[in-house]
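Chemist: Chains as they are written, first to last, in full-length UniProt numbering: chain R, 1 to 279; chain V, 1 to 263.
FYI, nobody ran anything at the bench for these hints, they're computed from the structure. There's no promise every hint is true.
Stated by the list, open to error - With a straight-line Cα cutoff of 30 Å, these simulated DSS-like cross-link-like pairs (lysine-lysine) come out:
{"hint": "1", "chain 1": "V", "residue 1": "100", "chain 2": "R", "residue 2": "39"}
{"hint": "2", "chain 1": "R", "residue 1": "168", "chain 2": "R", "residue 2": "119"}
{"hint": "3", "chain 1": "V", "residue 1": "173", "chain 2": "V", "residue 2": "84"}
{"hint": "4", "chain 1": "R", "residue 1": "168", "chain 2": "V", "residue 2": "245"}
{"hint": "5", "chain 1": "V", "residue 1": "13", "chain 2": "V", "residue 2": "173"}
{"hint": "6", "chain 1": "R", "residue 1": "59", "chain 2": "R", "residue 2": "39"}
{"hint": "7", "chain 1": "V", "residue 1": "149", "chain 2": "V", "residue 2": "65"}
{"hint": "8", "chain 1": "V", "residue 1": "156", "chain 2": "V", "residue 2": "84"}
{"hint": "9", "chain 1": "R", "residue 1": "59", "chain 2": "R", "residue 2": "168"}
{"hint": "10", "chain 1": "V", "residue 1": "13", "chain 2": "V", "residue 2": "100"}
{"hint": "11", "chain 1": "V", "residue 1": "65", "chain 2": "R", "residue 2": "39"}
{"hint": "12", "chain 1": "V", "residue 1": "245", "chain 2": "V", "residue 2": "84"}
{"hint": "13", "chain 1": "R", "residue 1": "55", "chain 2": "R", "residue 2": "168"}
{"hint": "14", "chain 1": "V", "residue 1": "65", "chain 2": "R", "residue 2": "248"}
{"hint": "15", "chain 1": "R", "residue 1": "55", "chain 2": "R", "residue 2": "144"}
{"hint": "16", "chain 1": "V", "residue 1": "149", "chain 2": "V", "residue 2": "100"}
{"hint": "17", "chain 1": "V", "residue 1": "101", "chain 2": "R", "residue 2": "144"}
{"hint": "18", "chain 1": "R", "residue 1": "39", "chain 2": "V", "residue 2": "98"}
{"hint": "19", "chain 1": "R", "residue 1": "144", "chain 2": "V", "residue 2": "98"}
{"hint": "20", "chain 1": "V", "residue 1": "98", "chain 2": "V", "residue 2": "111"}
{"hint": "21", "chain 1": "R", "residue 1": "144", "chain 2": "V", "residue 2": "100"}
{"hint": "22", "chain 1": "R", "residue 1": "168", "chain 2": "V", "residue 2": "65"}
{"hint": "23", "chain 1": "V", "residue 1": "84", "chain 2": "V", "residue 2": "65"}
{"hint": "24", "chain 1": "R", "residue 1": "144", "chain 2": "R", "residue 2": "59"}
{"hint": "25", "chain 1": "R", "residue 1": "39", "chain 2": "R", "residue 2": "119"}
{"hint": "26", "chain 1": "V", "residue 1": "13", "chain 2": "V", "residue 2": "65"}
{"hint": "27", "chain 1": "V", "residue 1": "156", "chain 2": "V", "residue 2": "101"}
Remember, predicted model here, so these are calculated numbers, not experimental data.
Residues per chain are reported as follows:
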Amino acid sequence: MATFFGEVLSVYSRAVEEDDEDLEENEEDEQIRRELEEKRTVQLQWSPEVSESLKGGNKFSCSDFVLAVGHNAAGFLSAYVLASSNWDAVGRALVWNERSRAVVGQTGEESACVFYRHKDSPSVLVCRVTCYIAEDQLFQWTEKVFDCLQTRELNVTVLSDSSVVDYKTADYLCGSSAPFLRSLHTGAFTDQPVCQPLEQPNIVTGLPAAVLNHCQVHRIAAAVYQCYSDVIGPNSVTMETYRPVLTKLGRSVQVDSSPNTDVLRKFVRTAEIQSNLYI
Amino acid sequence: MFIPSQDSPVSFKGFTLVMPAVAVGNVGQLAVDLVVSTLNMSRVGYVHTDCLIPMAGNNPYVSCKQDAEELHTPAEVYTAAELKLAVLQIRAPIIQTKAKKFRQLLVSWIKASGFSRTVVLSSSHAYQRDDQQLQGTPLRYLLTPSLLKVCKDALKELGWREMELLPAFPGVKDADAEPTLCIPGGGITKGLYTDSCAEDLPLAVLLLFCSEGDNIPDAFTLVNHLNDWLHLLDGPSQEPNSNWKIPTSWSLLFGSGIPPALF
């Protein structure tokens, strides 16, 4: 679609492909399809202690579940919250899809979606997601994760990265306004969000949307804080935007006043564009 | 799977269901938006399924500041009890490998809910029309046998055109090749129609030939067409479009505001 000024906006392809179900599918095709589907299923791996308790029918009793989606949100959690060494990694989700890299050392994939629990107050569960979760895996991821949580009196907070180009507003956004936060919460969420609500016609997609959908229909209190940033790649300014959200959680999650610079450096460096133009 | 949004159970017995098919130009979805927004319908539940791509947003039908903060999901059911009307709005594309599952889910839900009839609003690629379809109105209808029995006369009175069956090999005279139903770009429309025929569901498809672009005029055409049959709005038909209320979520269709420094 092109605008008045001729720039092309990326929109969903609204043309729907014809379904070719009538075509006879041979057995081999079907088998390949089935195997692919199997490979795409989301797997959760919990630590022995947790999986033992899950097997016994005891779900994770948790008062706060904080989910960070995207490099800035995950970086914020790592540098401001998780760096204070009081956290244990208790599990991870394994997701394989078309954007997964070939498994070489498995290190990249392993650290892409990890659950942490606070040593002193085990009722707080934190999850960092930096990998791509495909559209057909989002629902499954959410179902499987929430299946392990006790949902009574659960508070879900989602931090999510977004680009300011995806933000629609009638007023022209001047450069100084980004990064900024917008919130979206379920009907069961009775608290006051720390920022303005997300205005129509803006929407949230991806994992934050899947979590919101699940929480809305199952009446769990959840809020998504979407950060619109004008910087490509992880950076400290954008990460700082998330601070008021977690500060509000108060007792349960301790936010450090200054970030752990080592962790921050690691995050920012991995995103630096490796250019050989001016060696 | 249908999940009610209130504690009280919902009864759709004898209701008419209007739903879109996610198709070319999203015309059906836009038309449904107009119905929900104009009739001020209330949400009664969600269709929560893995067949749709997740999305979420605040109230798309905001009328005042108070109701702006209300979460809405990819597929929701609205009702207007006094009109005995239920509307299913679908806001997200269907995951391609799960289209069949989604159709089956819809058919079994429609069957279990006891709707008296279902109307699917859809669209089809204008550029794939054949010669006979190019002439006259771009609107077509399809009825399943069980609905045909009931409202044959009503449709005859309206003078609507039925969707043509297209020859499998145009120009080739072959007695063996039976003409088939073709709805290119119609998404699940054809599948839903054939499933409903097989399941003996009273279902109608109203569709419009159109192209991608600003499809708001197409949505008005389709919703006015629907109104001719169902009489959702009784008003003077001098200026039929002005009777419908455009929802706030239709704003900024062509992107954000323009930098003032340009002028």
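Chemist: For each hint, tell me whether it holds in the structure or not.
Modeler: Comparing the hints with the structure gives:
1. V/100 / R/39: holds (21 Å)
2. R/168 / R/119: violated (42 Å)
3. V/173 / V/84: violated (48 Å)
4. R/168 / V/245: holds (22 Å)
5. V/13 / V/173: violated (48 Å)
6. R/59 / R/39: holds (26 Å)
7. V/149 / V/65: Answer violated: residue 149 of chain V to residue 65 of chain V is near 47 Å, above 30 Å.
8. V/156 / V/84: Holds. Residue 156 of chain V to residue 84 of chain V sits at ~24 Å (cutoff 30 Å).
9. R/59 / R/168: violated (40 Å)
10. V/13 / V/100: Holds. Residue 13 of chain V to residue 100 of chain V sits at ~26 Å (cutoff 30 Å).
11. V/65 / R/39: violated (46 Å)
12. V/245 / V/84: Measuring from Cα to Cα gives roughly 20 Å; hence the hint holds.
13. R/55 / R/168: With a Cα-Cα distance of about 46 Å, the restraint between residue 55 of chain R and residue 168 of chain R is violated, given a limit of 30 Å.
14. V/65 / R/248: Status holds; Cα separation ~25 Å.
15. R/55 / R/144: At roughly 14 Å apart (the allowed maximum being 30 Å), residue 144 of chain R and residue 55 of chain R satisfy the hint.
16. V/149 / V/100: holds (28 Å)
17. V/101 / R/144: holds (20 Å)
18. R/39 / V/98: holds (17 Å)
19. R/144 / V/98: The given pair, whose Cα atoms are some 19 Å apart, holds under the 30 Å limit.
20. V/98 / V/111: holds (20 Å)
21. R/144 / V/100: holds (23 Å)
22. R/168 / V/65: holds (19 Å)
23. V/84 / V/65: Cα-Cα ~29 Å, so holds.
24. R/144 / R/59: holds (12 Å)
25. R/39 / R/119: violated (34 Å)
26. V/13 / V/65: violated (34 Å)
27. V/156 / V/101: Measuring from Cα to Cα gives roughly 35 Å; hence the hint is violated.
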